[in-house]
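Undergrad: With these hints in hand, go ahead and build the complete structure from the sequences.
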Amino acid sequence: MFRTEPFTVDSSTVRAAVVLPGTGSDADFVDRVFRGPLRSRGIDIVAVDPDPKRVVDSYVHAMDAAARSGPILVGGVSIGAAVASKWAAEHPGLAAGVLAALPAWTGDPQAAPAAASAKWTASELRARGLDDVTAAMAASSPAWLATELTRSWKAQWPDLPSALEEAAGVHALDVAGLRALQVPVGIAAAVDDAVHPLETGRQWAREIPRAALATLSLAEIGEDPSRLGSLCLTALDEACADPAPGGDRTGATG
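The sequence shown begins at 38 in our numbering and counts up by one.
Calculated directly from the structure, the hints in this document are not laboratory data. Yeah, the Cβ is synthetic: ideal placement off N, Cα and C, and Gly gets one too. Just so you know, nobody snuck in bad clues.
Quick list of simulated restraints, FRET-style, between CB atoms:
hint: 1; residue 1: Glu161; residue 2: Glu260; range: 24 to 32 Å
hint: 2; residue 1: Ala148; residue 2: Glu260; range: 28 to 36 Å
hint: 3; residue 1: Ala231; residue 2: Gly107; range: 37 to 45 Å
hint: 4; residue 1: Ala172; residue 2: Gly73; range: 28 to 36 Å
hint: 5; residue 1: Ala148; residue 2: Asp261; range: 31 to 39 Å
hint: 6; residue 1: Arg243; residue 2: His98; range: 27 to 35 Å
hint: 7; residue 1: Pro195; residue 2: Pro150; range: 21 to 29 Å
hint: 8; residue 1: Ala217; residue 2: Thr45; range: 23 to 31 Å
hint: 9; residue 1: Ser77; residue 2: Val212; range: 32 to 40 Å
hint: 10; residue 1: Ala173; residue 2: Ser106; range: 38 to 46 Å
TA: Below, the structure is given as structure tokens:
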């Protein structure tokens with residue numbers, strides 16, 4: 038491990054965090070991921086509901102608005118983590134750190150499983166309708182995930198297909214962008230998630246100068262979504278304690 042001194046991100050270092058949902062998800066889930074861990078440190082949270090007609094713009098608008106009062110933490114799940122990290126790269130003076138839960142890809146999304154899944158789901162929704170596709174999703178997903186997506190998909194209908202397609206086309210930071218990122222990043226990845234590969238989390242932890250990675254299982258997320266947020270914050274503590282780029286940044290586990 039590279040940590041030399043204990044460090045805790047809390048209200049003495051940052052007052053607020055803006056957190057962004059993953060593809061097809063909503064503020065309800067991302068709030069449950071991050072609210073408890075952040076509030077336990079005195080940090081206010083803004084969980085953003087995506088506008089399905091303009092997903093990325095709605096995320097950027099929320100971060101811009103919150104940052105008018107000073108530096109903020111930004112973060113999210115999956116595509117939310119990608120948008121948050123890009124915003125942090127573009128606003129290093131306003132981003133106190135990034136909480137990256139289940140990062141889905143690096144750079145171009147074309148070959149990413151999450152992007153392919155989103156595009157396929159959008160096509161199925163247009164062809165078969167919300168009810169049939171939701172039923173098929175629920176039959177092939179863990180019960181907790183089926184519950185989450187059934188709720189969020191219904192709320193975003195009928196604009197859900199275009200929202201999924203927009204998310205599938207988002208370019209995350211590429212390797213050069215990760216290496217240039219000036220803010221600390223706490224990453225949490227699942228060891229058994231084919232849609233959000235563990236290797237993506239490992240790559241982000243390797244390439245970002247000040248980053249750390251924590252891992253857990255999908256079942257742990259289902260049992261307690263806040264475990265995902267807690268591990269992001271633990272990893273961010275570790276990244277903030279890193280005195281210099283390099284070293285072992287893959288220490289914490291669920």
